[in-house]
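J.: One letter stands for each residue in the lines below.
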Amino acid sequence: MMFFTVFKHYLKRACVEPMGILLYVLLPVGLVVLNNLVYLTSAAEYDYVVYSTATTNQTVFIAMLFQLIGGTYIVDYIFLDFKSERRWRLLATPVSLNTHFFAAIAASIVFLMVSNLLILGIGHFFFYVYLGNFAMIFAALFFMALFAQLLGVLLSLTLEKKATASIAVEVIAFVMSFGFFVFAQSLPVVGGFLSTYGTPFSAGMLAINRSGFYNPDMGGAFLGLGILIAFTAVMACVVAIIGRRRPL
Amino acid sequence: MVIASMKNVVKRYGEMMALDHLDLEIQQGEILGLLGPNGAGKTTAIRALCGLVGVDGGEISVFGLAQGVNNVLIKKDMGIVTQEITVFTDLSAGENLRYFGSLYGLRGAELSQNVARVLEFVGLSEHAKKRPSKFSGGMQRRLNIGCALVHRPKLLIMDEPTVGIDPQSRNHILESVKQITAEGTTVVYTSHYMEEVQAICNRIAIMDAGRVIAGGTLDELVGRIQYEDTVRLTAVMPSDALTEDIRAISGVKSVVVSGSTYVIVSGADSGNLNRIMEIAMRHGGVANISADKPNLEDVFLTLTGKKLRDDKEGQ
Ligand SMILES: Nc1ncnc2c1ncn2[C@@H]1O[C@H](COP(=O)(O)OP(=O)(O)O)[C@@H](O)[C@H]1O
Ligand SMILES: [Mg+2]
Numbered sequence: 168m169m170f171f172t173v174f175k176h177y178l179k180r181a182c183v184e185p186m187g188i189l190l191y192v193l194l195p196v197g198l199v200v201l202n203n204l205v206y207l208t209s210a211a212e213y214d215y216v217v218y219s220t221a222t223t224n225q226t227v228f229i230a231m232l233f234q235l236i237g238g239t240y241i242v243d244y245i246f247l248d249f250k251s252e253r254r255w256r257l258l259a260t261p262v263s264l265n266t267h268f269f270a271a272i273a274a275s276i277v278f279l280m281v282s283n284l285l286i287l288g289i290g291h292f293f294f295y296v297y298l299g300n301f302a303m304i305f306a307a308l309f310f311m312a313l314f315a316q317l318l319g320v321l322l323s324l325t326l327e328k329k330a331t332a333s334i335a336v337e338v339i340a341f342v343m344s345f346g347f348f349v350f351a352q353s354l355p356v357v358g359g360f361l362s363t364y365g366t367p368f369s370a371g372m373l374a375i376n377r378s379g380f381y382n383p384d385m386g387g388a389f390l391g392l393g394i395l396i397a398f399t400a401v402m403a404c405v406v407a408i409i410g411r412r413r414p415l
Numbered sequence: 141m142v143i144a145s146m147k148n149v150v151k152r153y154g155e156m157m158a159l160d161h162l163d164l165e166i167q168q169g170e171i172l173g174l175l176g177p178n179g180a181g182k183t184t185a186i187r188a189l190c191g192l193v194g195v196d197g198g199e200i201s202v203f204g205l206a207q208g209v210n211n212v213l214i215k216k217d218m219g220i221v222t223q224e225i226t227v228f229t230d231l232s233a234g235e236n237l238r239y240f241g242s243l244y245g246l247r248g249a250e251l252s253q254n255v256a257r258v259l260e261f262v263g264l265s266e267h268a269k270k271r272p273s274k275f276s277g278g279m280q281r282r283l284n285i286g287c288a289l290v291h292r293p294k295l296l297i298m299d300e301p302t303v304g305i306d307p308q309s310r311n312h313i314l315e316s317v318k319q320i321t322a323e324g325t326t327v328v329y330t331s332h333y334m335e336e337v338q339a340i341c342n343r344i345a346i347m348d349a350g351r352v353i354a355g356g357t358l359d360e361l362v363g364r365i366q367y368e369d370t371v372r373l374t375a376v377m378p379s380d381a382l383t384e385d386i387r388a389i390s391g392v393k394s395v396v397v398s399g400s401t402y403v404i405v406s407g408a409d410s411g412n413l414n415r416i417m418e419i420a421m422r423h424g425g426v427a428n429i430s431a432d433k434p435n436l437e438d439v440f441l442t443l444t445g446k447k448l449r450d451d452k453e454g455q
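Taken in sequence, the protein lines are chains B and R. Under our numbering, residues 168 to 415 are what the first sequence spells out, in order. Under our numbering, residues 141 to 455 are what the second sequence spells out, in order.
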């Protein structure tokens with residue numbers, strides 16, 4: 168009950184924050200529309216009769232990337248609410264700080280999932296994006312978002328400044344996602360492995376792609392999802408250990 | 141009746157004793173002023189009282205219950221106005237009040253009524269839909285107070301609620317505090333401005349270096365110190381004879397003359413004001429006379445040898 172009250176509060180704040188809407192909703196939507204328009208105008212027509220591999224890849228990539236950068240949401244909430252004077256006000260209420268904290272994480276995840284489902288939806292309905300198995304996509308997005316929020320928590324607990332923690336989340340997100348290509352091309356063996364199984368990002372992409380049309384392989388999809396869940400679980404343990412040592 | 145008490149409370153930050161065997165009692169229905177310079181430990185004392193930080197020793201009880209960390213039964217009847225403005229800047233004034241009310245379990249019509257009442261009370265009814273980032277400092281302070289009132293606490297703790305605002309907003313806040321108590325809420329009012337504490341508090345506890353060094357009503361506190369009367373006299377016809385006659389009064393310690401103004405210092409409770417008046421009348425009359433009463437500043441100075449606040453700090 169209280170959890171839901173606090174959850175709604177954080178969701179509302181995410182929805183009324185103009186910078187957040189701009190960076191985490193309008194920007195990825197714009198990127199998807201622009202990239203796909205550019206691709207489709209230059210591609211030969213038979214490349215996308217029913218679905219397009221290229222637009223599917225681009226769109227899923229953008230959705231996953233923004234899911235990962237979205238770890239900055241919890242960084243913001245931790246610094247604004249729990250590592251500032253506001254902390255005392257929240258502590259004074261009968262609602263425990265844990266409730267505030269977990270509700271903030273839940274709200275961030277829901278906000279980012281809605282935003283990224285919107286991106287995939289736009290891709291699907293306007294740009295020939297094939298969405299394979301919906302449950303798989305949903306699960307991959309969820310664990311990606313959870314991983315990202317846990318990463319945000321970890322960096323917020325260990326770094327002093329909000330700006331440093333936010334930038335760290337962004338850098339890690341970009342390295343993981345673009346590294347996906349760089350590794351694969353520059354280091355064929357190691358890189359190939361890393362860019363398929365080696366990071367949460369690649370595992371999430373694997374899960375979605377294998378459930379998709381150009382290599383429908385649910386075994387591979389579950390492998391990807393399993394790896395992503397394993398990364399998330401390891402991250403959760405690290406956060407729990409650090410959180411116990413340097414509590415919020 | 142004692143509504144809350146702190147006995148022998150110790151709180152350490154490393155080597156530093158933020159609370160050094162602090163004793164404090166809060167009576168039901170009063171406005172207790174907690175007066176002390178910056179760094180005295182007022183905020184730490186309040187946090188310990190509210191159960192927001194653990195302590196290293198001593199006993200704290202509120203509403204007859206032992207205070208511990210996250211004692212929900214105590215928290216739901218307490219309100220805290222933080223020293224910094226801690227409202228949500230991305231939500232409107234009304235949304236802030238609603239949220240804080242809902243954290244204390246208020247719902248539906250009761251919540252809406254309480255929010256409306258508080259908006260009215262802090263004079264923000266017209267600005268309910270605006271975000272506090274658009275507010276003046278005084279309005280933000282008022283909202284900051286309002287957020288602690290929605291759930292009608294029995295015990296309200298205010299930590300320097302008037303820092304950095306204009307005199308008009310300050311008066312509004314001081315008046316509100318009196319009204320809150322009139323409606324039955326007990327208030328602990330923290331400040332390093334002795335004028336405020338003098339103006340609204342029934343009882344005062346003076347804090348320094350983590351402990352309460354004196355407590356009581358204003359009169360009791362002032363009565364405890366050995367003070368001197370300072371009389372400022374403007375004579376109609378100043379003369380050396382007048383100066384000599386005043387100097388001759390027993391108990392007078394010094395007379396400083398500049399033009400027609402005499403500044404006369406005499407021992408405490410010497411009753412010399414009347415004598416000075418009489419003599420001045422005989423020497424041609426009194427244009428103006430005033431006597432300084434000792435105040436909390438003098439009490440603090442006497443007890444600690446320090447000033448309550450730096451002179452350079454403006455009000
Ligand atoms: N979290 C903390 N860590 C270390 N020292 C602290 C902490 N909080 C307060 N102090 C110290 O405790 C003393 C009392 O502080 P505080 O209670 O804020 O005083 P006041 O509210 O009267 O200005 C100060 O010397 C302050 O530096
Ligand atoms: Mg303070």
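Calculated from the structure, these hints are not laboratory results. Only a predicted model underlies this, so the values are computations on that prediction, with no experimental measurement involved. Virtual Cβ for every residue (Gly too), placed ideally from N, Cα, C. Just so you know, not all the hints are guaranteed correct.
Pairwise CB distance ranges, derived in the manner of DEER restraints [unchecked claim]:
{"no.": "1", "chain 1": "B", "residue 1": "Phe170", "chain 2": "R", "residue 2": "Phe203", "range": "44 to 52 Å"}
{"no.": "2", "chain 1": "B", "residue 1": "Asn265", "chain 2": "R", "residue 2": "Glu250", "range": "23 to 31 Å"}
{"no.": "3", "chain 1": "B", "residue 1": "Ala403", "chain 2": "R", "residue 2": "Glu170", "range": "45 to 53 Å"}
{"no.": "4", "chain 1": "B", "residue 1": "Ser251", "chain 2": "R", "residue 2": "Leu413", "range": "52 to 60 Å"}
{"no.": "5", "chain 1": "B", "residue 1": "Arg412", "chain 2": "R", "residue 2": "Phe203", "range": "42 to 50 Å"}
{"no.": "6", "chain 1": "R", "residue 1": "Thr357", "chain 2": "B", "residue 2": "Gly410", "range": "28 to 36 Å"}
{"no.": "7", "chain 1": "B", "residue 1": "Met186", "chain 2": "R", "residue 2": "Ala339", "range": "38 to 46 Å"}
{"no.": "8", "chain 1": "B", "residue 1": "Val183", "chain 2": "R", "residue 2": "Asp306", "range": "39 to 47 Å"}
{"no.": "9", "chain 1": "R", "residue 1": "Asn428", "chain 2": "B", "residue 2": "Glu252", "range": "46 to 54 Å"}
{"no.": "10", "chain 1": "R", "residue 1": "Gly445", "chain 2": "B", "residue 2": "Met186", "range": "31 to 39 Å"}
{"no.": "11", "chain 1": "R", "residue 1": "Glu266", "chain 2": "B", "residue 2": "Leu201", "range": "40 to 48 Å"}
{"no.": "12", "chain 1": "R", "residue 1": "Gly179", "chain 2": "B", "residue 2": "Val183", "range": "33 to 41 Å"}
J.: Taking the beta carbons of R/Gly179 and B/Val183, is their distance inside 33 to 41 Å?
T.: The hint (33 to 41 Å, Cβ to Cβ) holds, given that R/Gly179 and B/Val183 are roughly 38 Å apart.
J.: Between R/Thr357 and B/Gly410, is the Cβ distance one that fits in 28 to 36 Å?
T.: Violated - the Cβ-Cβ distance for R/Thr357 and B/Gly410, about 48 Å, lies outside 28 to 36 Å.
J.: Does 44 to 52 Å hold as the CB distance between B/Phe170 and R/Phe203, or does it fail?
T.: 26 Å, violated
J.: Are R/Asn428 and B/Glu252 spaced within 46 to 54 Å by their CB atoms?
T.: 48 Å, holds
J.: Does the hinted range 40 to 48 Å hold for R/Glu266 and B/Leu201 at CB?
T.: Check passed, 44 Å falls within 40 to 48 Å.
J.: Taking the CB of B/Ala403 and the CB of R/Glu170, does the distance hold inside 45 to 53 Å?
T.: Because 49 Å falls inside the window, the suggested range holds.
J.: Regarding B/Val183 and R/Asp306, is the given constraint of 39 to 47 Å on their beta-carbon distance met?
T.: Since the Cβ atoms of B/Val183 and R/Asp306 sit about 30 Å apart, the hinted range of 39 to 47 Å is violated.
J.: Indicate whether the distance between the beta carbons of B/Ser251 and R/Leu413 respects the range 52 to 60 Å.
T.: Hint holds: Cβ distance 53 Å, inside 52 to 60 Å.
J.: With respect to the beta-carbon atoms only, verify the hint that B/Arg412 and R/Phe203 lie 42 to 50 Å apart.
T.: At 35 Å between Cβs, range violated.
J.: Given the range 31 to 39 Å, decide if the beta-carbon distance of R/Gly445 to B/Met186 lies inside it.
T.: 52 Å, violated
J.: State, for the Cβ atoms of B/Asn265 and R/Glu250, whether the hinted interval 23 to 31 Å holds or is violated.
T.: 27 Å, holds
J.: Is the distance from the Cβ of B/Met186 to the Cβ of R/Ala339 consistent with 38 to 46 Å?
T.: Holds - the Cβ-Cβ distance for B/Met186 and R/Ala339, about 43 Å, lies within 38 to 46 Å.
Violated hints for the displayed structure, listed by number in ascending order: 1, 5, 6, 8, 10.
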